[in-house]
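Those sequence lines, one after another, are chains A, B, C and D.
The opening residue of the first sequence carries number 288 in this note's numbering; numbering runs sequentially from there.
The opening residue of the second sequence carries number 288 in this note's numbering; numbering runs sequentially from there.
The opening residue of the third sequence carries number 288 in this note's numbering; numbering runs sequentially from there.
The opening residue of the fourth sequence carries number 288 in this note's numbering; numbering runs sequentially from there.
Since the hints were derived computationally from the structure, they do not count as laboratory data.
Worth double-checking, as some hints may not be accurate.
To be verified - Below, computed lysine to aspartate or glutamate pairings styled on EDC-like, alpha-carbon distance capped at 16 Å:
(1) B:K532 with A:D325
(2) A:K495 with B:D325
(3) C:K557 with C:E368
(4) D:K374 with D:E401
(5) B:K374 with B:E446
(6) C:K537 with A:E511
(7) B:K326 with C:E338
(8) C:K372 with C:E399
(9) D:K488 with D:D513
(10) B:K557 with B:D369
(11) A:K532 with C:E397
(12) D:K326 with A:E336
(13) B:K532 with D:E397
(14) C:K381 with A:D325
(15) C:K372 with C:E401
(16) C:K564 with C:E510
(17) D:K495 with C:E327
(18) A:K326 with D:E338
(19) D:K289 with D:D369
(20) A:K326 with B:D533
(21) C:K532 with D:D325
(22) D:K537 with B:D521
(23) C:K537 with A:D521
(24) B:K381 with B:D411
(25) D:K495 with C:D325
(26) C:K564 with C:E511
(27) B:K537 with D:D521
(28) C:K532 with A:E397
(29) C:K313 with C:E338
(30) B:K326 with A:D533
(31) A:K326 with A:D298
(32) C:K564 with C:E327
(33) D:K326 with C:D533
(34) D:K289 with D:E401
(35) A:K372 with A:E401
(36) B:K313 with B:E338
As the list claims (entries may be wrong) - Computed spacing ranges between beta-carbons, pair by pair:
(37) D:S530 with C:T340: 34 to 42 Å
(38) A:S526 with B:G486: 23 to 31 Å
(39) D:D369 with B:G396: 37 to 45 Å
(40) D:D369 with B:E510: 44 to 52 Å
Virtual Cβ for every residue (Gly too), placed ideally from N, Cα, C.
4 protein chains.
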Amino acid sequence: MKLTILISCPDQAGIISSVTQFLFLKNGNIVYLDQHVDKEAGVFFMRLESEFTNGISLTSFRTDFEHNIANEYQMEWSIYEDGIKPKMAIFVSKYNHCLYDLLSRYNSGELEVEIPFILSNHDDLSYVAAQFEIPYFYVPFTKDIRSEAEQEQLKLLAEHQIDFIVLARYMQIVSPTIINVYPHKIINIHHSFLPAFAGAKPYHAAFKRGVKIIGATSHYVTEELDAGPIIEQDVATVSHSHSIKDFIAKGRDLEKIVLSRAVHLHVARKTIVYNNKTVIFS
Amino acid sequence: MKLTILISCPDQAGIISSVTQFLFLKNGNIVYLDQHVDKEAGVFFMRLESEFTNGISLTSFRTDFEHNIANEYQMEWSIYEDGIKPKMAIFVSKYNHCLYDLLSRYNSGELEVEIPFILSNHDDLSYVAAQFEIPYFYVPFTKDIRSEAEQEQLKLLAEHQIDFIVLARYMQIVSPTIINVYPHKIINIHHSFLPAFAGAKPYHAAFKRGVKIIGATSHYVTEELDAGPIIEQDVATVSHSHSIKDFIAKGRDLEKIVLSRAVHLHVARKTIVYNNKTVIFS
Amino acid sequence: MKLTILISCPDQAGIISSVTQFLFLKNGNIVYLDQHVDKEAGVFFMRLESEFTNGISLTSFRTDFEHNIANEYQMEWSIYEDGIKPKMAIFVSKYNHCLYDLLSRYNSGELEVEIPFILSNHDDLSYVAAQFEIPYFYVPFTKDIRSEAEQEQLKLLAEHQIDFIVLARYMQIVSPTIINVYPHKIINIHHSFLPAFAGAKPYHAAFKRGVKIIGATSHYVTEELDAGPIIEQDVATVSHSHSIKDFIAKGRDLEKIVLSRAVHLHVARKTIVYNNKTVIFS
Amino acid sequence: MKLTILISCPDQAGIISSVTQFLFLKNGNIVYLDQHVDKEAGVFFMRLESEFTNGISLTSFRTDFEHNIANEYQMEWSIYEDGIKPKMAIFVSKYNHCLYDLLSRYNSGELEVEIPFILSNHDDLSYVAAQFEIPYFYVPFTKDIRSEAEQEQLKLLAEHQIDFIVLARYMQIVSPTIINVYPHKIINIHHSFLPAFAGAKPYHAAFKRGVKIIGATSHYVTEELDAGPIIEQDVATVSHSHSIKDFIAKGRDLEKIVLSRAVHLHVARKTIVYNNKTVIFS
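Put together the whole structure using the sequences plus the hints.
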């Protein structure tokens, strides 16, 4: 069995020693350890992967960890067992490139998740869902019916025991009604190099400003639009010879890559959020 | 002899044909031609390099070009003779990395300019100027003496017949008094990926926002701070493990590279400004 | 109507002038012109796009161009009418990532081609073809039956009037029997930064050498393995912490991007091959 | 006081726990810990930084570490005290760009080394050494006088107690006579993306091959030419429009950046060599 352990706590001497000693006594073999200290904030972060050749009880392991280690150091912590696939819902609108990219990776076995359903405020992409034989729920969304639509969304998320949501170019603002149920568990792709060009039509804004590089940003969704903790960013060069249409075409490739990397990091439990920023373990 | 010709004018059919025909009749051999049309704005841009084996009179060439070509198409145009080095003034404050980089390139013959002087609002970097045997003028600058300082600057610029100014991390705002004398002839390096983090302390702002990529931007100085036409940008990846000090260290390398590229482009007459953007010929 | 014209010929004065004059007299409006001179080789290259508001006869245009321009300058040239989609065959083996990527782009209308069929030496990926409703031909290929297999391939290519072939991780060497029918019309993706690590298992070789950057290369197929004219390359950083499996996963994204860019360039008629190199117009 | 500890040893359970426990008992506060396991080779690597508020004796610390930890796990290890600047010699020939770059960083305090001297097989760059007031030794080097020249080099290196050597475009092959005295302590910059284009004139070879990306590689010097453990690499895009001269100009910037990064990593004790590869701690 293999466990992945994520820890954050107030920084002090002895944490690494205590945790590694605990694992050693449990007959664990540490195959990965990375830590980070934010000195200004005084916070310690650690991610470990430990293999156990003998069978161990996950429940008693958790209890022992809490009593012997976590309480002493006031840790926020989580322990994940390897090989359990999280359930990921995908929200889309009309653009298909990120959806195709995620489903191709899923179908190849590259992306280790279950995808119980795809949800959209439009019917346009149901054909893609059909190609990959995944349920597609069409939930119309306008200001007038926001509340009903959100209740419908929450019902679907609950029924399918969704662990996290990916907004694969979902062109609606997700409200606190949903965010509060999935704190730091909704991943968005924004088609600009944030914080530049937040909000609508970033490629048009980038074109108008005459930038020489465009970008894409994947972040956890928080109440403030396009202002959540950044998980991953990437860029591509452009020039005066590129039209807005060219920006959009180049941007599609960026969006696909950046979103898929962020999803991979989330699924591999390599992200910790604090102070509206992320620690990303490599 | 070799001439470089820059043209912009309202777009219409026949411009390329007319210009290339004109050069052919002057016994010119076109060794470089690049053009661009901004369809939305309806503006045509072209850059040509033409070699002439026979001696030609530059004065009569200019006159003929104006009468036979430029007037007909309502061109803005400029013609430069190869091998004449522009005079470049460097303004600095306390950071030496961009200054060292420019002077090293100058000393190697890589940067084909003359540098009549370095000007600073501090005395700190006079030792670098001394290393490279270039005059260093210390012109203090505070709000109270702004007007006198600017007159002193203008006097030095005029006396030395400066063609363009490079702000190599000059930590003062350049006012319209200077800008109007050097329109699109003052090159600044800003230590962020504009338009993100304009203004003071961009590395601190980037760190606080938790970005995964930092950047540097070189642009022509206009009245609005950090909002002039962008010439060149580049980026570098960062992570949670990097401190603000690391951002600054990584940024220094970006700043040097981006500024030197922008200066090269300007010196090679590869930039045209319009609509607060640049056309950069490759 | 819009035409794209590709030209290469011995360099001499007057070519641009003659060609643009010719187009002007045909009432063409040049919307794109880029040229390049390889001074060492003494070869001139040009790509033009010209719009014609009046109807013109493509046949007589070609004839006139040949007689009035091409013959005089000993040009190799081709003229393409806009909006005619070339027919592209895709060859695959067992990896699906490049295939999924190309078909997603095709399905979105991003890739302006027809795809009459997918061909493979294995039956593994027929399900992908089925998802996108494209014919899939399984043509087994071993040394013993090479000749029969190649005849079968040529028959399929001819029947479907294929214009060019994309090897989307096709793990067989394509022999001169096919190459000679499709000179500079077979696009391969090699999973290394050529010329480093040509041949089999480049990720393993890169891992063993301890490189800090891996790459992918798209090139036209020639008789010498992995030595054809390079169309496009890109790279990604790696570190000691990445396993060969990580190299392969990172490489998949590179391969998809680099191959699709090369296909885009080919389809847009932006490539000219000479001296086993490419001119790539931007 | 702050210590940096580098460890490599056969992989087994309990190493991290033992080392961190040891440091905890010495009242050390671990401010950095990164580890890596090469599973195939069965080797464990770790780098730690630990602060000690109480004064400790470095000599007894080393002895205790050896007896209590290192011997048990058969470690190769080294312990460095913070704030002691290593002595770096720079070898150059005729190109000044890497030399200027290193000296500028040194003069700014960015590069925490001492530079007792610059050595060259030509007299060309003595003026740069003079600008920065560093001794410059001109040691001519030809096949006929190789042995004498190497003895002269070794004498200078010994007299100045040099810790490591940087070949900043030193255009001579360094022989085992020198390498054996400085194993994995001679850093070279090669102007290609190794293993592509090893040996002489890599830009010419890259140009001939028609690559779309060029690179630079910094590595530790071993007996086989350009085949030592790679420390750092970076790349830049090129196109058909770039001449060999352009490749060289673009390459200069790559060389400067890549070499300076490698020197930084070495000085910060962030490199471990094994199996002709490097572990580079971030």
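Structure-based check of each hint:
1. B:K532 with A:D325: holds (13 Å)
2. A:K495 with B:D325: holds (12 Å)
3. C:K557 with C:E368: holds (14 Å)
4. D:K374 with D:E401: Roughly 5 Å separates the two Cα atoms, so the pair holds.
5. B:K374 with B:E446: holds (12 Å)
6. C:K537 with A:E511: violated (33 Å)
7. B:K326 with C:E338: holds (13 Å)
8. C:K372 with C:E399: holds (6 Å)
9. D:K488 with D:D513: holds (13 Å)
10. B:K557 with B:D369: Satisfied, since the Cα-Cα distance of roughly 13 Å is no more than 16 Å.
11. A:K532 with C:E397: With Cα atoms ~11 Å apart, K532 (chain A) and E397 (chain C) stay inside 16 Å; holds.
12. D:K326 with A:E336: holds (14 Å)
13. B:K532 with D:E397: holds (11 Å)
14. C:K381 with A:D325: violated (46 Å)
15. C:K372 with C:E401: Satisfied, since the Cα-Cα distance of roughly 6 Å is no more than 16 Å.
16. C:K564 with C:E510: holds (14 Å)
17. D:K495 with C:E327: Distance of about 11 Å is within 16 Å: holds.
18. A:K326 with D:E338: The given pair, whose Cα atoms are some 13 Å apart, holds under the 16 Å limit.
19. D:K289 with D:D369: Holds. K289 (chain D) to D369 (chain D) sits at ~5 Å (cutoff 16 Å).
20. A:K326 with B:D533: holds (14 Å)
21. C:K532 with D:D325: holds (13 Å)
22. D:K537 with B:D521: Holds, because 15 Å separates the two Cα atoms, which is no more than 16 Å.
23. C:K537 with A:D521: holds (14 Å)
24. B:K381 with B:D411: With Cα atoms ~6 Å apart, K381 (chain B) and D411 (chain B) stay inside 16 Å; holds.
25. D:K495 with C:D325: holds (12 Å)
26. C:K564 with C:E511: Roughly 14 Å separates the two Cα atoms, so the pair holds.
27. B:K537 with D:D521: It holds: about 14 Å lies between the C-alpha atoms, which stays within 16 Å.
28. C:K532 with A:E397: holds (11 Å)
29. C:K313 with C:E338: holds (10 Å)
30. B:K326 with A:D533: holds (14 Å)
31. A:K326 with A:D298: holds (8 Å)
32. C:K564 with C:E327: holds (14 Å)
33. D:K326 with C:D533: holds (14 Å)
34. D:K289 with D:E401: Violated, because 20 Å separates the two Cα atoms, which is more than 16 Å.
35. A:K372 with A:E401: holds (6 Å)
36. B:K313 with B:E338: The hint holds at about 10 Å.
37. D:S530 with C:T340: 34 to 42 Å: holds (39 Å)
38. A:S526 with B:G486: 23 to 31 Å: Distance hint for S526 (chain A), G486 (chain B) holds at roughly 26 Å.
39. D:D369 with B:G396: 37 to 45 Å: holds (41 Å)
40. D:D369 with B:E510: 44 to 52 Å: Distance hint for D369 (chain D), E510 (chain B) holds at roughly 48 Å.
Taken one by one, the earlier hints fail for this structure at numbers 6, 14 and 34, listed in ascending order.
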